Amino acid sequence: MNKRLTAMVTIKNDIVVQSFSYNNYLPIGTPEIVCENLSRWGADEIIVSSIDISKKKLSPNLRLLESISRSKVSTPLIYSGGIGNTQDAMDAINAGADRVVIDSVLSEKKIDLINKITSKIGAQALIISMPVVEVENKLFRYDYMSKSNVEFKKITKILKCINFSEILLIDKNNEGGDNFNIKLVNMILEYLKCELLVFGGISNNRTIKELIKYNEINSIVIGNSLNYKEIQISNLKSKFKKNFRKVNYE
Amino acid sequence: MSVAILKYSSSNVSSLSNCLKSIGVKHYICHSKKDLSYASTIILPGVGTYEGVLNEIKKNNTYETIIEKANQGNKIIGICIGMQILAETGNELSLKKSKGLGLIKGDVKKMNNFHIGWNKLQGKNFSKKFNQFKNQSFYFNHSNYLKLKNSKTVVFYSYLNDIKIPSLIINKNILGFQFHPEKSQVYGKKILKFLIKENL
Chain A
0 MNKRLTAMVT
10 IKNDIVVQSF
20 SYNNYLPIGT
30 PEIVCENLSR
40 WGADEIIVSS
50 IDISKKKLSP
60 NLRLLESISR
70 SKVSTPLIYS
80 GGIGNTQDAM
90 DAINAGADRV
100 VIDSVLSEKK
110 IDLINKITSK
120 IGAQALIISM
130 PVVEVENKLF
140 RYDYMSKSNV
150 EFKKITKILK
160 CINFSEILLI
170 DKNNEGGDNF
180 NIKLVNMILE
190 YLKCELLVFG
200 GISNNRTIKE
210 LIKYNEINSI
220 VIGNSLNYKE
230 IQISNLKSKF
240 KKNFRKVNYE
Chain B
0 MSVAILKYSS
10 SNVSSLSNCL
20 KSIGVKHYIC
30 HSKKDLSYAS
40 TIILPGVGTY
50 EGVLNEIKKN
60 NTYETIIEKA
70 NQGNKIIGIC
80 IGMQILAETG
90 NELSLKKSKG
100 LGLIKGDVKK
110 MNNFHIGWNK
120 LQGKNFSKKF
130 NQFKNQSFYF
140 NHSNYLKLKN
150 SKTVVFYSYL
160 NDIKIPSLII
170 NKNILGFQFH
180 PEKSQVYGKK
190 ILKFLIKENL
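Chain order of the listed sequences is A and B.
Using numbering that gives the first Met the number 0, read the first sequence as starting at 0 and increasing by one per residue.
Using numbering that gives the first Met the number 0, read the second sequence as starting at 0 and increasing by one per residue.
These are calculated hints, taken from the structure and not from any lab test.
Here the structure is a predicted model, which means the values were calculated and not measured.
Hints may contain errors.
As the list claims (entries may be wrong) - Incomplete in silico selection of chain B near chain A, CB under 7 Å:
#1 V12
#2 S13
#3 S14
#4 G51
#5 L92
#6 G116
#7 S136
#8 Y138
#9 H141
#10 S142
As the list claims (entries may be wrong) - Some chain B residues close to chain A (C-beta under 10 Å, calculated; not the full set):
#11 N11
#12 N17
#13 E50
#14 F139
#15 V154
#16 Y156
#17 Y186
C-beta atoms are modelled at their ideal positions from N, C-alpha and C, and glycine is treated no differently.
Take the sequences, apply the hints, and build the full model.
Right, here's the structure in full:
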């Protein structure tokens, strides 16, 4: 199987933004046009991440998903933002997502709820978001809701009780930057046997070359630089042609 | 030709419907037995679990309609989980096997790994008209596969480690895609258009 080159489209107030550690934002354009471009350029998957939805505890942005789905996007869509129950997950899939990301509901109390979601949409359609930070050689999950770090050991116990397909590992501190911390991959794999999508500051070929060596990494997720550089996807695919699928242009 | 997409609660109907519009296939979306009965081609879309989808179509009485329509020679197209429910039996959520639609002879089996991403279609025993799709990549997203009793119905396989996954099945008027053609960009649209419009 080829690795996937996945584009991250970060959306705030219905506009695609360039994000810097989820603290500062610069506008890029409309979600429909950005996703159409990424699909046309040959992205293997697109993650539509509505970052303001979970923080405001709102339901998934179905209007946005429907609108992207109606545009000329024929690339698999992963939706992240506000998936809080089974109905949210099914609504997002009905509206155009192929897979959904769970972020804010990852807690011990919600294990049954997450497994209920899986029993409806299937484990292959469920991804767990995992923003992580390294503090003094220890791994923590960063909780955006409480803005605090949770020991990864505690998270491991929850993950072992739920059914999902992949973890979206986010280097929280380097998101929007250019220095993804590869050590985070090793640290998470020490705790857990899992398959990963990796994101956060992956912007140079050297880092990609290191990351694709891992069998556990299925997808390299890139945000800002893919969104506005037309030839970036084809450049990366030709540089790493043994690892990524060849693009057939329309 | 009247094409219907059967909607169930977990299905990706919007993606499929938008893809069909883009390739000029007129269709309607329905979930009732009555509306389904007008179709000459029925598409069972992807996303969901084996038991979940079967329970739902049994509950709304479309289970029998699909079998009746298939027996009358109407085209039935299953995509991903929509293909797997065409099998005789399977289980995804429980250890106990559930009865499928029985339109394809075979069982749905669990794989040890997820098959998520783009994979090539491979095969030897296909007619020339399928040549354009050989070795092209399509998008897969599943963790079970269809173990067939009659491999003659397989047009293409895909490989995941040591498992040979039937990826395109054609048995007269019954068609199954294990991959998602509606999400497989240029060649996905081509193969979907070809198989819906082609008089097989």
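Outcome of the hint check:
1. Contact between V12 of chain B and chain A, as hinted, is supported at the beta carbon level, the nearest pair being about 6 Å apart and thus within 7 Å.
2. The interface hint given for S13 of chain B holds, since its Cβ lies 4 Å from the closest Cβ of chain A, which is under the 7 Å cut-off.
3. Proximity of S14 of chain B to chain A holds as hinted, the smallest CB-CB distance being about 5 Å (cut-off 7 Å).
4. Interface restraint check for G51 of chain B: the shortest CB-CB distance to chain A comes to about 6 Å, inside 7 Å, so the restraint holds.
5. For L92 of chain B, the interface hint holds, the least distance from its beta-carbon to any beta-carbon of chain A being 6 Å, beneath 7 Å.
6. With its C-beta approaching chain A no nearer than about 5 Å, G116 of chain B sits inside the 7 Å limit, and its interface hint holds.
7. Against a cut-off of 7 Å between C-beta atoms, the interface hint on S136 of chain B holds, since the closest Cβ of chain A lies about 5 Å away.
8. Hint status for Y138 of chain B: holds, given a least beta-carbon distance of 5 Å to chain A, under 7 Å.
9. At about 6 Å, the closest approach between the beta carbon of H141 of chain B and any beta carbon in chain A falls short of 7 Å, and the interface hint on this residue holds.
10. This hint holds: S142 of chain B has a C-beta 5 Å from the nearest C-beta of chain A, less than the 7 Å allowed.
11. Look at N11 of chain B: its Cβ gets to within about 5 Å of chain A, closer than 10 Å, so that hint holds up.
12. Hint on N17 of chain B holds. Least Cβ distance to chain A is approximately 6 Å, under the 10 Å limit.
13. Given hint, E50 of chain B at the interface with chain A, holds; its Cβ is 8 Å from that chain's nearest Cβ, closer than 10 Å.
14. At its closest, the beta carbon of F139 of chain B sits 9 Å from a beta carbon of chain A; the interface hint therefore holds under the 10 Å criterion.
15. Because the beta carbon of V154 of chain B sits about 20 Å from the nearest beta carbon in chain A, more than 10 Å, this interface hint is broken.
16. Checking Y156 of chain B against chain A by beta carbon gives a least distance of about 14 Å; that is not within 10 Å, so the hint is violated.
17. Residue-level restraint check for Y186 of chain B holds (minimum Cβ-Cβ distance to chain A is 6 Å; threshold 10 Å).
The structure fails to meet hints 15 and 16 from the earlier list, while all remaining hints are met.
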